[in-house]
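Below are the chains, spelled out letter by letter.
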Amino acid sequence: MCLLCLFLAGFISCRNQSPSGFTVTAEITPQPARVGQATIALRVTGASGKPVTGARVALEGNMSHAGMAPVFADAAEFEPGRYRANMELSMAGDWIILVHVTLPGGEKVERQFEVKGVAPA
Amino acid sequence: MRVPLIGSLLKQRHARTLFQIPIFIISVAMIVHGLFGPQLAPKNLATTFTWVHFRGALVLVLLFAGNFFCFACPFMLVRNFARKFVRPVRNWPRRLRNKWLSIALFVAMLFVYEWLDLWASPWWTAWLIITYFAGALVIDSIFKHATFCKFVCPIGQFNFVASTASPLEVAVRDHDVCNQCVTKDCIRGVREPAAPLVVIQRGCELALYQPRKTGNLDCNFCLDCVQACPYDNVGIMSRVPAAELTTDPMRSGIGFLSKRKDLAALVIVFTFGALLNAFGMVSPVYALEQWIANALGISYELPVLAFVFALFLVVEPVLLIGVAAWLTRVWGGSRKPLLSIAVRYSYSLAPLGFGIWLAHFGFHFLTGLYTIIPVTQSAFGLGEARWGMPGLAPNVVQLFEFGFIGLGLLGSVLVSYAIAAVEEVRPVRVFIVWAALSLIIAAGAFWLMSQPMEMRAVAFASG
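These protein sequence lines map, in sequence, to chains X and C. According to this note's numbering, the first sequence is numbered sequentially starting from 1. According to this note's numbering, the second sequence is numbered sequentially starting from 122.
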């Protein structure tokens, strides 16, 4: 019972991390995506639609199946509110990319998008 | 049972409950996290534990020990608790006392896994676990004995077939002791001396009478017989894996293997289902599904998937086993009917089928071994989860995969030889036929395991 309470507490604390109003839109090249290196360009905007500058943006790519090796990449800002990263898509199939954004004030936002049907190399 | 510590632990009356409780707690955590946690499979307890760790640990324990997962089954914990309040009074219908229903459920389970992409869905995985609990509870609240285990549970049937290749079995130590026994507690249970209708220790609920029990089929390692035997004459014994498939004595609770078409069908579905389940995870499956969809003018996944299942689980086995049985008659000189030949030799495929399951589940388990740590950390809020260390490198694990399939192939070839040596007038010819069949299936498995993995939720663009 104690374990379950700990579990629920941990679960609730995890779900309350992310503030709303932020939008992350992503473009991936090449299209269609293939196994190998992909470039991911992100546009991060705040609640008012204004570009979010000076943020730290880290990407985490996961396969749709549990137990597969995730891939990581840091994105660099190349225009105000626009970030770009190179990511090695190591396996064919459906990917879910988590975008971890740390705002200049230290606040953290997490968004995700899917890259479906990454083709074999 | 005579191993220090482990043996004395397993002999305790509540040993099974002791193992079931932690598995039950983990199951509840998986259900809660699956329903309410992050719906990203690699970050969820339900999907990670079920599709990576449970399946992998299950087959490895079956390979190195025996059916200890049925022993620690959490569904039976809930069912035993419920039986304190609800006494079932009905017997399972006679026409269902076979494996056909559980084969249908096993196939349905494989189908739903592909159709709903269970590996990618924490929510559906949680509901699958709930369904198992509910199924065990409802069935065994209505029907007496271990009806759910023996006639319904798809995981149980998987374990029964796989455990024919296990090195341990629950067996009698000394048959002379059983010959002297008049109470037959191992099957009848231990009764209250003053009230013979009151059972104080259950006997075997799966109708396996120890002195006439052969092998692991239908044995869920509950150890009720071990607890019930007043002479400490039943234990967990070592044995030659798969040897039980080479002989065909009258088995308690089962009968003759050669007369059990349903059990042979279960072994066939187990073996070809292993190929099918692995095929669903590699790139060529999508090309095949797209080709079928184009050829039939279908744009929905369900009928295409049904077609693939029919191809793998009906057409392929009927063709391959049918040809092998026919060759056994015309070239091997057997005078038995084709169906009898097919039934008898189908059992020889069990080790190979188990080898293919081992290769598949072992791959996910070993390559995703350490993911149990960050997923648990994340679910319970235990510090910063480190997601970067999944497990062993896939190219290393591939060697294990090939080893498992090779081991299974060896087992199947040896079993087919042993059957042919006893039952045929031209055993070498018959052996060549059935060894060739195992080789063809193994070649298919080797090819599958060499393909690049590709896990997609949608096979093709739907209309």
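Since the hints were made in silico from the structure, they are not lab data. Be aware that one or more of the hints could be misleading.
[Claimed, not checked] A few chain C residues facing chain X, derived, Cβ under 8 Å:
1) 136
2) 209
3) 211
4) 356
5) 485
6) 492
7) 570
Using N, Cα and C, we set each Cβ at its ideal position, and we do this for glycine too.
field: Satisfaction of the residue 209 of chain C interface hint, Cβ to chain X closer than 8 Å
entry: This interface hint is violated because 29 Å lies over the 8 Å limit.
Minimum beta-carbon distance criterion (8 Å), residue 492 of chain C to chain X: 5 Å, holds
- request: Grab the minimum C-beta distance from residue 136 of chain C to chain X and call the hint holds if it beats 8 Å, violated otherwise.
  value: 22 Å, violated
task: Verify the interface restraint on residue 356 of chain C: the C-beta must sit less than 8 Å from at least one C-beta of chain X.
output: 34 Å, violated
field: Interface hint outcome for residue 570 of chain C [beta carbon to chain X under 8 Å]
entry: 15 Å, violated
message: Does residue 485 of chain C hold up as a contact with chain X if the rule is Cβ-Cβ below 8 Å?
response: Because about 5 Å separates residue 485 of chain C from the closest Cβ in chain X, which is inside the 8 Å limit, the hint holds.
field: Hinted contact residue 211 of chain C with chain X - closest CB pair below 8 Å
entry: 35 Å, violated
In summary, the structure is inconsistent with hints 1, 2, 3, 4, 7 from the numbered list given earlier, while agreeing with the others.
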